[in-house]
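A.B. asks: Let the hints inform the model, and build the full structure from the sequences given.
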Amino acid sequence: MIRLPAFTYLAPRTLDDAAAAMASHGAEAMLVAGGTDLYPNMKRRQFEPTVLVGLRAIRDLQGVRGGARDGITIGAGTTLSAVAAHREIIAHYPALATAAGLVSSPQLRNMGTLGGNVCVDTRCNYYNQSYEWRKAVGFCMKKDGAICLVAPGSPRCWAVSSSDTAPVLWSLGARVRLSSTAGERTIPVEALYRDDGIEYLAKQPGEILTDVLLPAADGWRSAYLKLRRRGSFDFPVLGVAVALRMDGRVVGDARIVIGAVASQPRPAPAAAAALVGERLGRELITRVADLAAGPAKPLDNTDFTHPYRKKMTRVFVARALASLAGLEPAGRPAEEVA
Amino acid sequence: MSVESGGSSAGSARATDGGRFGRGAEPPSEGKHEFAVIGRPLPKIDAWAKVTGETRYADDFFLPRMAYGRLLRSPHAHARIRSIDATRARALPGVYAVITGADLPRVKFGILPVSQDEEALCTEKVRMVGDAVAAVAAVDEETADHACRLIDVEYEPLRALMSIEESLAHPEVRIHEYGDGPNVHKNVALQFGDVEAAFARADLVREDVFFYEGNTHLPMEQHAAVASAGPDGKLTLWSSTQTPHYVHRLLAKILEMPAAHIRVVATPVGGGFGGKLDPFAHEIAACRLSQLTGRPVKIACTREEVFYIHRGRHPVLMWIKTGFTKHGEITGCHLRTWLDGGAYGSYGVASTFYTGVINPVTYKIPVYKFEGARVFTNKPPCGPKRGHGTPQPRFALECQIDKAAEQLGLDPAEMRKRILAEPFTKTANHLTVTTIGLGECIDRVVEASGWRAKWGGWRSQSEGASAAPSDNRRRGVGIACSAYLTGAGTAVYWNSMPHSGVIVRADRSGGVAVLCGATDIGQGSDSILAYLPAEILGIDPKDVHVHPADTSLTPVDLGSYSSRVTLMCGMAAIQASQRLREVVARAVARKLEVDPGALAFRERKVGVPDDWEKAVDFAQAVELAEAMHGVLAFAGSYAPPKRAGKYKGGGVGPSPCYSYSACVVELSVDEETGEIELHDVWIGHDIGRALNPLLVEGQVEGSVYMGIGEALMEGQVFRNGVHKQPSLLEYKSPTTLETPEIHTFLVETDDPEGPFGAKEAGQGPLLPVIPAIANAVYHAVGVRCDEVPITPEMILKGLELRRRGKAARVGPERIPRFTFKEPVVVESAFGQPADAIAVRPFAQ
Amino acid sequence: MKARLSLTVNGETHDILVPVHKTLLEVLREDLGLTGTKHGCELGECGTCTVLVNGEPVLSCLALPADLADAEITTVEGMAEGGRLHPLQQAFAELGAAQCGYCTPGILLTAQALLADRPSPTRQEVKEALAGNLCRCTGYTKILDAVELAALRMGAPR
Ligand SMILES: Cc1cc2nc3c(=O)[nH]c(=O)nc-3n(C[C@H](O)[C@H](O)[C@H](O)COP(=O)(O)OP(=O)(O)OC[C@H]3O[C@@H](n4cnc5c(N)ncnc54)[C@H](O)[C@@H]3O)c2cc1C
Ligand code: SF4
Ligand code: FES
Ligand code: FES
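Residue numbers (my numbering), protein chains in the order written: chain C, 1 to 338; chain U, 1 to 844; chain G, 1 to 158.
A couple of the hints might just be wrong.
For lysine to aspartate or glutamate, the following EDC-like pairs were computed, each having C-alpha atoms within a straight-line distance of at most 16 Å [what the hints assert, rightly or not]: (1) C:Lys-143 to C:Glu-88; (2) U:Lys-454 to U:Asp-411; (3) U:Lys-454 to U:Glu-414; (4) C:Lys-310 to U:Glu-196; (5) C:Lys-135 to U:Glu-154; (6) U:Lys-724 to C:Asp-300.
Away from chain U, derived, C-beta distances all over 12 Å, residues of chain C [to be verified]: (7) Ile-2; (8) Ala-21; (9) Ser-24; (10) Pro-40; (11) Val-51; (12) Gln-62; (13) His-86; (14) Ala-146; (15) Ser-180; (16) Glu-184; (17) Gly-248; (18) Pro-307; (19) Ala-325.
The set of hints was computed from the structure by calculation and includes no laboratory data.
Every residue, glycine too, gets a C-beta built ideally from N, C-alpha and C.
C.D. replies: Structure, rendered in structure tokens:
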């Protein structure tokens, strides 16, 4: 049986205590919520913190507050099951409910939290392996080594942002609240991420993500499509999040964010801009899908070949748009209707 | 006779009616049934323990003072070992012992006598990532793990050969010193009749090349073993193994101690599928560590280790040339296979033969030539996985037949029916075939699936693709058939002893104990060992206590492989039970003053049917018999009929009888994404007789499931000398969401060779699933996938080729340059009648 | 770091002293002798180790007992009431839904949670609920059948 390395476990009951614990233990310590990402990584010795600060006992991190009219606040400790089953979220932020409901397996969604999902470690099939395996292949720079095995000449790590909810939250214009002994700040989700496989989060290690804030639904429609081999367990190897707001018969505003093709979610602003002021029809969708696939630059470090993932970006964007337009997915006989 | 399984139990039908599910629980009430136990959907005898968590698997053993072991494994695919220094590990507090190959006798071993090429802990060379080089016993697993990291091994890396081509291209690098050529483990060639003449007679001759990627068993239970060496110098090993007998024999050799002092107990196996059929390093190391520490030692493998030690499906490259008449008859067939064997021999010689010798059992193939070669590579060794060596050539032949049917303008289902092998005849390669229920299997699945309407209706000749209107996805159906052996005709080591033995002992309570070396790996062999004596003795299966798989207690059974257990143990159990019954009958006959032949055994009574009030309770009957005869313990033995072909290599392939399966798959393919969704699988299986339809259906459904995984997603992929994805997350095994509805139809042929007419069910039904899927994909989108697993990428590539006006085929382009042996040339025995009475040893 | 914990499993409270980094799976099997809970990966990738925490299926290989002091934990050993099997156990035994039986405890518990939540699920709902439990033996067919049968027997209104 693979086991966790030893650590000291702290289970503070308040945010302040948690922040203080993180501050006092510094780089030794890590936060853990559901543990569904961190514990497997620790078992494979990708992380060996000597102190873990558990967030499960903190009441303030739990639950969903507010409504679609003024915006919703989701405590970072809310489980993915709760997010996926929340009436208001299903009704007004359907892409988020979909994404949360597509994470891994039912059991994992009962344990994993939204905060943990937003902060989930980047992935690479040279990295998410046991210590012995990594030793056999040669350690890479993300852990214990100096080079990148996917792009050997590269000075950086290209591990893949594999969160299902991150691209959706980005497309919805969500913000996150961070809290530490230095105080509290609220930043847009996109400001949380960095384009680096190792330092993928632009927050201080001691900062605790306390809430995810969704803006007022305000007529936005959203959709999320996920590519993976199986209907369960598997991480996204492509995630397409689309949000748009109609202005009469034309698109008033739109955002397209692609997940799992880079070290952070990739927005496709040019594609989104091409939608604005237009009526959603087949031709437009095809054009926008081509534009959106541009920023996707997957590398060969996940399941499926990377050219395939790139190719699917276009198909998935088109399908997501078609579903938001109320059209049948592209290629159906109902095509004429559009 | 044919039984739709759905009628007798849940089958594939939905839960719409509570009544029909409950049948298994209630005592059989319908008046006329030939048998009291046989053929009924009874729960397995171990079902209760399994649903309550009481079953103790190997890793559930916790013995007093037990130490925990761990193996240090090689990080190199191919390297010479310069030195091993365990000083630091030994100094770690909590470490009881550290051993290397130097602490074991210098003997090489292997499951087959012809391939003695393994060491539990490598001494000179490592041949794959995952080869064990040292082992630790410590106070707990964490300490053992830590100690492993403190063992310093110095390696001199050698060139790693990671594919058939590479191994053949580099004869200067030798993985092993033995074999049929540089890096060639085995090279075989057999010829039965003149294939060239057969091709000359044909209206259509096709040559095709196929590739079947290797994959692994992936049992949910990770291998584990607990060894306990006593102060008396005796050793007990509890292990998650399918072959306690072979492990017993080999342990004696490896540890150089008398076999009489070793006891091997197979614990209930949490999934085997062929993956727990070899003696493994962790078993041997646990034994040695226990001897050295004087403590019980447990070694439980991690999931990653299970991928390394697997012995799974061989990757096989195949070239197949077949001649067809315009009516679809096969005039002759020539098959070449190249197996990527991995780093060791394992069962590989048998696997090599199996890629060739079972093919002629399904259809009439009057002339046959087979050439096969197994090549060593620096990967985990392959061996027997469900279907052992036969799914690969099955895929090749069934896809080729589909192509031929199209060229000949024939319905592929009808074409197959036309060319079925003839019952009670011999094949070209001298295998004796008894009953064949394949025709009925085809009829059942064709009818239930609505094959004719779908296959004909959706077909648009002009496009070569189906025109079923359903969104951007295209629907298709495909069909394929297969045959599989019911137990290998020969043991892995040559001997003339029984393959299976059973002792039946009746006690004064009316209970019956059954002792047999077979291991229950989930297939239900313990239950079969209860049902058969219960049927013969007229008692309830609950009255039977089965004691399986303990080498110091139970007669030898060779093991749970090659679908042999139900037939061989079953026959032995029947013989033993009949011997008991005779003695009991004599005693009761004397008391009732009737002829023993007039007695019936049923409802826990023995008596004359017409005078049933006088019938004696079974328990009392046992007392009468014991008083007359002494202790009531009887043995039964079984060895398969001796019908091996009289030529070198004729020992692989013969079986008492063969099971048959036919499969129709309906799926849809998304033309934009290449994704395949399976909707339904209809599978007809000739089971001979279903001793318990529930168990048979379970085996069929499980086989179909495993076939689906192999066809669509499972594959052992290597990169930089290392397994690319040794985890349950990245080695893709289908979940409930990828598994379609499986509709099972059992066809009964009542085979004279099987117990109550039964044949196997655990492996054969996997075979047709893979080609049926490939053929359905072609029917849906016109793309020929001559390689599995079939991935979305392959579909898109095929569609792209079609768009560019090229042949929409995806698959291997080349075959290796390789010289096969001069073939052993033998007359074809095709069509000769089966020997009227087979000589079956121990039958009297 | 060892922690003194009290853990309520199958209605019984156990006071234990265990290293805090031992997972619930390890503590159940190695400290409480409840070996009915199995494991296939210890990394959250198979569902074999599923237990119920306050009625919800979770993976014991990724749970820390330190977080579960106030929780009700149910393992397969706690499914039967007295000597009476849970209808799911009964149905699994009768229909042959347990072959090797290794995935069975995790699947039974997951199904128990499903039926508590949704007394008469559709077949698709059963599939979705069990999508986090791998079984290599059965092709899931008999498992789905058995869950449906148990639901019927538990008297769910049609
Ligand atoms: C088999 C398997 C399959 C998976 N499949 C998917 C999938 O399909 N899609 C997907 O998105 N994820 C998947 N995951 C990853 C993971 O389970 C989820 O992302 C989950 O939501 C993580 O949440 P958690 O609470 O368990 O995170 P944890 O493991 O507790 O934490 C993850 C990371 O976030 C940090 N963190 C957690 N909470 C906070 C906080 N409040 N503030 C600051 N930092 C915090 C932790 O320090 C850690 O670095 C899978 C995991 C496994 C094991
Ligand atoms: S992308 Fe490169 S550096 Fe990053 S984890 Fe993968 S191999 Fe390592
Ligand atoms: S053991 Fe596989 S999920 Fe826990
Ligand atoms: S019954 Fe064996 S894994 Fe499910």
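A.B. asks: Indicate, hint by hint, whether the structure satisfies it.
C.D. replies: Do the hints match the structure? See the list:
1. Annotation: proposed proximity of Lys-143 of chain C to Glu-88 of chain C is violated, straight-line Cα distance about 41 Å (limit 16 Å).
2. The hinted pair formed by Lys-454 of chain U and Asp-411 of chain U meets the criterion: a straight-line CA distance of about 12 Å does not exceed 16 Å.
3. Taken as a hint, the Lys-454 of chain U and Glu-414 of chain U pair is honoured in the structure, with Cα atoms around 14 Å apart against an allowance of 16 Å.
4. The suggested pairing of Lys-310 of chain C with Glu-196 of chain U is violated, with an alpha-carbon distance near 49 Å, which exceeds 16 Å.
5. The straight-line distance between the Cα atoms of Lys-135 of chain C and Glu-154 of chain U is roughly 14 Å, inside the 16 Å bound, and the hint therefore holds.
6. Taking the CA atoms of Lys-724 of chain U and Asp-300 of chain C, the gap is near 12 Å; set against the 16 Å cutoff, the hint holds.
7. Separation of Ile-2 of chain C from chain U is inadequate, the least Cβ-Cβ distance of about 6 Å not exceeding the 12 Å criterion.
8. For Ala-21 of chain C, the requirement that its beta carbon stay farther than 12 Å from each beta carbon of chain U is met, with the minimum near 25 Å.
9. The Cβ of Ser-24 of chain C sits about 27 Å from the closest Cβ of chain U, beyond the 12 Å cut-off, so the non-interface label holds.
10. Remark: the non-interface label on Pro-40 of chain C conflicts with the geometry, its nearest Cβ contact in chain U lying 9 Å away (cut-off 12 Å).
11. Listed as outside the interface, Val-51 of chain C is consistent with that label: its C-beta sits roughly 19 Å from the nearest C-beta of chain U, beyond the 12 Å cut-off.
12. The non-interface label for Gln-62 of chain C is consistent with chain U: the shortest C-beta to C-beta separation is roughly 28 Å, beyond 12 Å.
13. Every CB of chain U lies more than 12 Å from the CB of His-86 of chain C, the least distance being 23 Å, so the non-interface label holds.
14. Annotated as non-interface, Ala-146 of chain C keeps its C-beta farther than 12 Å from every C-beta of chain U; the closest such distance is 17 Å.
15. Consistency note on Ser-180 of chain C: stated as away from chain U, and its beta-carbon is indeed over 12 Å from all of that chain's, at 33 Å minimum.
16. Every CB of chain U lies more than 12 Å from the CB of Glu-184 of chain C, the least distance being 36 Å, so the non-interface label holds.
17. No Cβ of chain U approaches the Cβ of Gly-248 of chain C within 12 Å, the least distance being about 29 Å, so the stated non-interface status holds.
18. Listed as outside the interface, Pro-307 of chain C is inconsistent with that label: its C-beta sits roughly 8 Å from the nearest C-beta of chain U, within the 12 Å cut-off.
19. Here Ala-325 of chain C stays apart from chain U, with its beta-carbon at least about 16 Å from theirs, past the 12 Å limit.
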